[in-house]
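K.L.:
Spelled out from the first residue to the last, the chains are:
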Amino acid sequence: MADPKEVKRLEELAYEMRKKLINLCGAYDGVVHIGGDLSMTDLLIGLYHHGMRVDPSDIKSPTRDRFLLSKGHGAVCMYIAMCLRGYFDYDEIVKTYGRLDSAYGMHPCKIQLPGVECSTGSLGQGLAIAVGLAFSARQRKEAHRVFCMMGDGETCEGEVWEAANTAGSYKLGNLVGIIDRNKQLMTSFDGDYMRLEPYADKWRAFNWDVVELDGHDMGQIIDALDNLPPITNEKPTVLIASTIKGKGVSFMEKNVGWHAGALSKEDTEKAIADIEADYAGERSAA
Amino acid sequence: MKMTFNFGSFLSARSVVGETLHELGQKHNNVWALTADTGGALATFKKDFPDRFIDTGVAEQNCAGIAAGLALEGNIPFIAGMIPFMTMRACEQNRTAICYQDLPVRFIGTGGGLTSGGGSTHNAMEDISIMKSLVNMTVLSIGDPNMIRDIMILSMDYPHPLYIRLAQGKKDRMLYEPGTRTYKIGEGITARDGKDATIIAHGEMVYVALEAAKTLAAEGIEVRVIDMYSIKPLNKNLLLKAVKETRNIVVLEDHLMEGGLASVIADAFVDGNIYPENFKRLGIPQVFAGFGSGEELRKKYGYDDTATVAVIKQMLK
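Those protein sequence lines, which keep their order, are chains G and E. Taken in order, the first sequence gives residues 1 to 286; the numbers are from our numbering. Taken in order, the second sequence gives residues 1 to 317; the numbers are from our numbering.
If you're looking for bench data, these hints aren't it; they were derived computationally from the structure. If you're wondering where the values come from, they're calculated on a predicted model, not measured in any experiment. It cannot be assumed that every hint is accurate.
[What the hints assert, rightly or not] Below, simulated BS3-like cross-link-like pairs (lysine-lysine); rule was C-alpha separation at most 25 Å, straight line: (1) G:Lys235 / E:Lys299; (2) E:Lys313 / G:Lys171; (3) G:Lys95 / G:Lys254; (4) E:Lys313 / E:Lys299; (5) E:Lys280 / G:Lys171; (6) E:Lys214 / E:Lys280; (7) G:Lys141 / E:Lys27; (8) G:Lys265 / G:Lys254; (9) E:Lys299 / E:Lys241; (10) E:Lys299 / G:Lys141; (11) E:Lys244 / E:Lys214; (12) G:Lys141 / E:Lys46; (13) E:Lys317 / E:Lys214; (14) G:Lys19 / G:Lys171.
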């Protein structure tokens with residue numbers, strides 16, 4: 001079971017991160033993919049601040065765990081999780097995000113922003129690249145893991161399942177997929193058109209070990225990461241994290257209008273108030 | 001050690017690829033071989049380096065993505081496969097996963113032009129147009145088996161994505177005596193000199209161009225033949241020299257006329273204010289060419305040696 005102190009530490013970080021996300025969104029005069037950022041905030045805090053062995057002062061360390069954001073439109077969420085870990089400066093992100101020649105773009109670019117493992121943005125491509133990283137690590141007998149964060153919507157892409165098939169067939173036990181299972185695509189809900197269920201069974205059928213969890217329950221996130229099988233496991237692992245798109249902001253939650261958006265001053269204030277109330281509520285329940 | 005393949009005037013491009021890759025695999029422990037179920041020629045690599053061989057099954061997009069991941073970690077992945085699927089099915093992966101990050105992935109495609117024998121699903125007539133349009137991608141088309149080997153070896157020090165187009169991949173003619181040429185990305189070869197006109201070709205069509213030049217020589221017309229194996233980057237000096245010295249330029253290629261080497265050269269003419277007296281292109285028109293051997297289809301669509309001879313004679317009238 002997760003240490004309650006560690007749970008609390010990470011919850012506070014996630015709370016801080018949500019406010020930073022909203023404030024950045026409010027300060028930027030363009031569109032931010034805020035819905036899916038808020039759905040994976042807790043997961044990214046769990047990864048960058050607990051589960052992954054990373055060191056912001058040694059970003060090329062061969063022993064570091066690798067992280068690929070396959071849902072590249074969630075870049076800003078990754079920037080802020082990394083910023084809280086000490087990689088980047090928040091004010092710099094706010095000042096330059098999305099602007100001409102910025103290192104902090106709508107989708108992460110490895111060449112422009114050292115610390116990012118892979119340039120992404122075209123959905124469905126991350127897992128195959130992560131499979132390549134996992135093959136390389138295994139062949140060199142390196143002990144790190146490769147984590148690949150995917151949105152559930154992008155798993156409509158065929159390449160995801162080609163890569164899943166390869167990872168399962170080649171028994172890449174050092175590969176961990178994480179699904180931000182917010183059950184929404186950009187313009188619809190899961191099941192309106194395409195139906196992903198039975199989702200866990202699909203991954204099992206591709207020879208993956210599956211862990212299902214609540215992607216907003218920090219205790220469960222910590223437990224899932226602490227209890228990953230050894231890298232010599234015969235199967236890759238996928239964490240299917242049930243989440244809420246727009247989590248923490250009442251007018252964004254489960255609202256297809258907030259896949260991406262721009263926040264007015266009023267929206268920003270309301271969103272911050274929601275996040276504060278949400279966090280206070282969770283704390284009083286704890 | 002300089003090794004050459006020299007067993008008769010024909011040898012298999014695929015076997016050269018397989019043997020060279022095996023040799024590179026032995027020498028460099030970061031060389032990987034990948035295939036989407038077309039890795040017959042990679043058997044020795046697979047046998048000796050099973051932990052650096054990946055067969056993804058019939059899944060070219062995934063194959064390109066995995067290669068990108070390997071290259072991100074400092075490996076040199078070679079993907080061997082059939083051109084249409086390597087360049088079209090996986091086009092976006094080639095662009096975004098590989099070229100955007102400028103990763104040293106090597107694509108070795110077989111079945112260039114109408115040589116596949118498989119009909120329009122398997123013919124490769126758009127690949128140069130597609131691959132050359134990708135930023136950071138280098139595009140070569142090779143018609144000599146020993147050149148394949150030399151290029152593969154020199155590619156070990158080349159830090160960018162590289163596409164190598166081969167013809168049918170069964171038995172390829174040797175164009176040059178082994179060991180007599182040095183090859184370099186961004187260069188071309190004057191395979192035969194002449195003063196009246198220049199045929200610029202790539203891959204298997206260099207041989208066809210040489211045949212046409214021979215026929216014309218018998219009639220007193222001296223034609224230069226350039227093997228423009230490096231399509232991107234292009235050797236503009238070689239081109240400019242040919243325009244200055246022979247005035248008449250014919251591009252001959254087993255590719256759609258629109259978008260292939262002829263288009264690359266036309267671009268160079270426009271950008272450089274270069275005006276040859278005559279400029280013609282021979283290649284595949286806008287058709288799905290259907291079934292037949294490469295030779296039969298070249299004749300049908302008017303870009304074999306006979307057609308080339310006729311065009312040049314007309315041009316010089």
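K.L.:
Work down the list of hints and note, for each, if the structure agrees.
P.N.:
Evaluated hints:
The hinted pair formed by G:Lys235 and E:Lys299 fails the criterion: a straight-line CA distance of about 54 Å is larger than 25 Å. Using a Cα cut-off of 25 Å, the hinted pair E:Lys313 and G:Lys171 is violated, with the two alpha carbons roughly 63 Å apart. Taken as a hint, the G:Lys95 and G:Lys254 pair is broken in the structure, with Cα atoms around 29 Å apart against an allowance of 25 Å. For the proposed pair E:Lys313 and E:Lys299, the alpha carbon gap of about 18 Å is at most 25 Å, so the pair holds.
A C-alpha spacing of about 55 Å is found between E:Lys280 and G:Lys171, which places the hinted pair above 25 Å, so the restraint is violated. Of the supplied pair hints, the one linking E:Lys214 and E:Lys280 holds, its CA atoms being roughly 19 Å apart against a limit of 25 Å. A distance of roughly 19 Å separates the Cα atoms of G:Lys141 and E:Lys27; the hinted pair therefore holds under the 25 Å criterion. Taking the CA atoms of G:Lys265 and G:Lys254, the gap is near 22 Å; set against the 25 Å cutoff, the hint holds.
Between E:Lys299 and E:Lys241 the alpha-carbon distance is near 30 Å, which puts this suggested pair outside the 25 Å criterion. Between the alpha carbons of E:Lys299 and G:Lys141 the distance comes to roughly 55 Å, so the proposed pair goes past 25 Å and is violated. About 22 Å separates the Cα atoms of E:Lys244 and E:Lys214, which keeps this hinted pair within 25 Å; it holds. With a C-alpha separation of about 19 Å, the suggested pair G:Lys141 and E:Lys46 falls inside the 25 Å cut-off, and the hint holds.
Between E:Lys317 and E:Lys214 the alpha-carbon distance is near 19 Å, which keeps this suggested pair within the 25 Å criterion. Of the supplied pair hints, the one linking G:Lys19 and G:Lys171 is violated, its CA atoms being roughly 40 Å apart against a limit of 25 Å.
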